[in-house]
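J.: Throw the hints in and build the complete structure from the sequences for me.
Residue numbers (my numbering), protein chains in the order written: chain A, 1 to 123; chain B, 1 to 488; chain C, 1 to 167.
Some hints here could point you the wrong way.
Quick list of in silico lysine-lysine cross-link-like pairs, DSS-like style, CA-CA up to 25 Å [said to hold, decoys possible]: (1) B:LYS143 x C:LYS163; (2) A:LYS116 x B:LYS143; (3) B:LYS143 x A:LYS60; (4) A:LYS115 x B:LYS143; (5) A:LYS60 x C:LYS163; (6) A:LYS116 x C:LYS163; (7) C:LYS163 x A:LYS115; (8) C:LYS163 x A:LYS122.
Keep in mind that the hints were calculated from the coordinates and are not lab data.
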Amino acid sequence: MIREYLPVLLQIIVAVGFAAAVLIVSVIVGKSGRRTRVKDTAYECGMVPQGEAQPRFGVKFYLVAMLFILFDLEIVFMYPWAVVYKETIGHSTLILWSMLSFISILMVGYVYALKKGALDWKK
Amino acid sequence: MYIELLKLASPETVVVVTALVVLALGLANERTAGLCSGVAAAGLLFAVAAVLMLPQQATLFHGMLVITPLTSLFKIICLVLAFFTVILARADLSSRNRGEYLALVLLATIGLMLLVGSEELLMIFIGLELTGLSLYVMAGFDKTDVRSAEAGLKYFLFGSTASAFTLFGISFIYGMTGTTALAAIGQKLTTAPVQPLLFVGIVMTLIGFAFKIAAAPFHLWAPDTYQGAPVPSAAFIASGSKVASFVVLGKIVLVGFGPAQGSAAWHAMVAGWAPVLAALAALSILIGNLVALAQTNVRRLLAYSAVAHAGYTLLGLVAGGREGFSATLFYTTVYAFTLVGAFGVVALVRRETGGDDLKNFSGLSSRSPLLAGCMSIFMLSLAGLPPLAGFFGKFYLFSAALRAVDNNGLLWLVAIALFGSLISLYYYLMVLKVIFVDEKSSSTTQPLNPSTSADFLQEISLTVLAAVVLFLGVMPGTLVARIIAAVQ
Amino acid sequence: MSPFLFWIFAGLMLVFGAGVVLNRNPVASALSLVVSFLGLAALFMSLDAYFIGIIQVLVYAGAVMVLFLFIIMLLDLRAEKLRKINWLASAGGIAVAVALSVQILYVIGNFRFSQQPFPPLARSTVDDVHHVGSLLFENYNLPFQIIGVLVLVATIGVVVLSKRELR
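T.: Next up, the structure:
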């Protein structure tokens with residue numbers, strides 16, 4: 001059992017080793033110059049950077065991300081549903097109707113978000 | 001099977017459908033705000049009718065949804081409290097986003113009904129979360145007010161931490177007993193010796209409920225939330241959420257953890273949940289009443305008095321048994337109706353004078369005798385003066401606590417509660433003094449929005465609430481008999 | 001799974017969990033949380049709960065973390081970096097946390113069953129998604145429906161609270 005994972009272990013070693021090697025080689029071979037204030041600034045195509053390296057995002061990103069999570073969660077419940085559906089539907093239609101009502105409640109939420117313009121970027 | 005589920009959960013289904021309709025109506029047009037309130041109120045009344053048509057006894061999915069006379073009674077009480085909140089919201093909120101607000105009230109009500117109607121820790125937790133999440137949003141609903149945002153944030157942070165503890169505790173209990181059904185847990189505990197690890201689980205589970213009922217030391221959110229949240233939200237947080245939490249807390253400790261009760265008697269403390277609740281009660285009564293003395297804002301004052309009242313109400317659960325539980329249930333119901341009324345008065349005064357500090361209430365008796373009369377009934381009931389409902393509730397609680405343990409073991413707790421009630425008389429009378437004696441100060445004379453000052457519907461509902469408080473004080477037997485019959 | 005792997009993953013979780021709290025850069029905290037979640041997922045899988053492990057990675061380490069990063073970007077980071085540490089509050093917090101864990105450890109140490117090894121997990125022929133599915137749609141049907149309502153509440157809350165109003 002554990003032997004079968006040997007290739008995975010090998011892959012991990014290679015990946016970590018490669019990353020470490022690159023870092024080490026760059027320190028050894030590359031000329032490690034002194035840190036200066038200019039060197040520590042964010043790189044912007046050779047221009048003098050303006051503002052901060054991490055600008056503040058608009059709240060719209062948050063809105064979209066949150067809605068994504070909510071509907072992502074909904075999908076999570078569909079995996080086990082799909083797996084057991086075939087054998088359960090034979091003796092009870094509960095599984096069908098419960099999923100339908102679950103989705104229809106969420107559908108109202110989706111339509112609501114849509115109508116409210118939550119997914120409309122320009123508004 | 002699904003039809004059966006729909007039939008037994010018909011009140012909840014009605015409320016869900018109403019919430020969806022209200023949400024859709026609110027989307028359609030800003031001018032439909034009035035219609036939204038009407039639909040929400042009608043849906044709640046319809047749900048009450050659905051509760052009345054439920055069978056006497058039924059259970060679904062091994063206790064996930066239980067129907068007994070007790071659950072039906074308290075579902076109706078929750079629905080009625082939600083109804084008054086909707087009326088309060090009709091006048092108090094701007095019509096912007098009204099549909100969402102009412103939908104959230106309805107969805108929170110579903111959470112309350114599930115809390116009341118379930119005997120399964122998992123379902124109770126989900127009900128707790130559904131209520132909590134809706135109430136967090138409702139507390140922070142007014143985006144133009146920094147205080148509202150603060151209220152929402154504080155409520156959310158404390159609430160999510162408390163529910164994390166509750167979930168942790170539930171997982172311990174599940175690990176120890178292998179079940180989440182309350183009856184099965186109770187059976188397991190009677191046969192197996194009670195382990196220390198189980199006490200850790202029990203205490204952790206109680207934390208979430210102590211937060212919900214705002215018992216000290218888990219009350220820190222209450223003052224800011226009661227003061228900053230929109231008035232209808234604060235009223236619903238203080239009433240509906242509290243009633244349902246007490247019902248489910250009582251069921252959990254008496255049915256689920258019954259064998260681990262222990263004893264809170266002064267000379268014979270035995271480890272269990274009773275001493276824990278007794279400590280919470282004593283702390284809440286002392287802290288709530290003493291801090292309330294220093295408040296100058298009426299909503300903050302109500303918040304600290306809510307902490308104290310949580311303490312009194314816990315007395316019944318510490319006493320345990322059928323009598324103690326029904327005393328708790330009666331008291332929390334009376335308290336909820338009183339508080340919704342008090343918040344209703346605060347909302348009207350706030351709209352008239354632009355604030356809810358004590359000085360805004362000065363001269364209310366000359367401006368509006370009706371409001372002043374209602375407020376005095378609510379305040380005197382909270383203070384526990386006869387012949388109002390608060391008096392009988394306290395009497396019932398204290399006598400249940402005295403009789404529960406042999407040798408007057410709980411006398412210390414009752415003494416603290418009496419001392420607290422005595423202190424509380426001062427600040428409740430202070431409010432009345434400002435209303436009836438103080439002259440209207442000149443700084444608060446500019447009305448914020450004079451056109452809305454006459455709101456008959458709200459005045460009628462306040463009068464009804466005051467009448468209920470008076471009626472339950474004069475004839476408490478009507479409700480008490482029902483509760484005692486319902487508590488097995 | 002061998003105890004060796006358990007200790008590795010549990011240690012990973014705890015170390016990076018502490019990293020979440022100790023890092024002063026919120027982005028670094030969020031990334032530590034990812035690693036902590038991965039360790040937790042590995043522990044789930046070691047208990048044969050593959051489905052929950054995968055969901056842990058997909059939803060928490062994936063989606064929820066993206067959300068965290070977005071929120072961090074929304075905030076003004078310099079304020080957090082420049083904020084002085086309130087040593088008294090930190091010490092109090094640490095004291096409470098230590099007291100709580102000592103209590104729990106003591107109680108678990110005295111727990112009768114903790115001295116004997118747990119019986120090995122029963123090998124089942126049915127995969128765990130099946131188990132989850134059949135439980136979820138039969139006994140736990142009502143909670144499942146209510147979770148739909150819960151997600152609806154969250155949707156409304158998100159839109160209401162973070163959507164900019166047109167004035």
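J.: Hints first: check each against the structure and report whether it holds.
T.: Comparing the hints with the structure gives:
1. A C-alpha spacing of about 10 Å is found between LYS143 (chain B) and LYS163 (chain C), which places the hinted pair at or below 25 Å, so the restraint holds.
2. Of the pairs offered as hints, the one joining LYS116 (chain A) and LYS143 (chain B) holds, with about 16 Å between alpha carbons and a cut-off of 25 Å not exceeded.
3. Simply put, LYS143 (chain B) and LYS60 (chain A) have alpha-carbon atoms about 16 Å apart, close enough for the 25 Å limit, and the pair holds.
4. For the given pair, LYS115 (chain A) sits about 20 Å from LYS143 (chain B) by alpha-carbon distance, which is consistent with the 25 Å threshold.
5. For the suggested pair LYS60 (chain A) and LYS163 (chain C), the alpha carbons sit about 8 Å apart, so the restraint of at most 25 Å is met.
6. Proposed proximity of LYS116 (chain A) and LYS163 (chain C) is supported: the alpha carbons are some 9 Å apart, at most 25 Å.
7. Proposed proximity of LYS163 (chain C) and LYS115 (chain A) is supported: the alpha carbons are some 12 Å apart, at most 25 Å.
8. Between LYS163 (chain C) and LYS122 (chain A) the alpha-carbon distance is near 12 Å, which keeps this suggested pair within the 25 Å criterion.
Violated hints for the displayed structure: none, as all numbered hints are satisfied.
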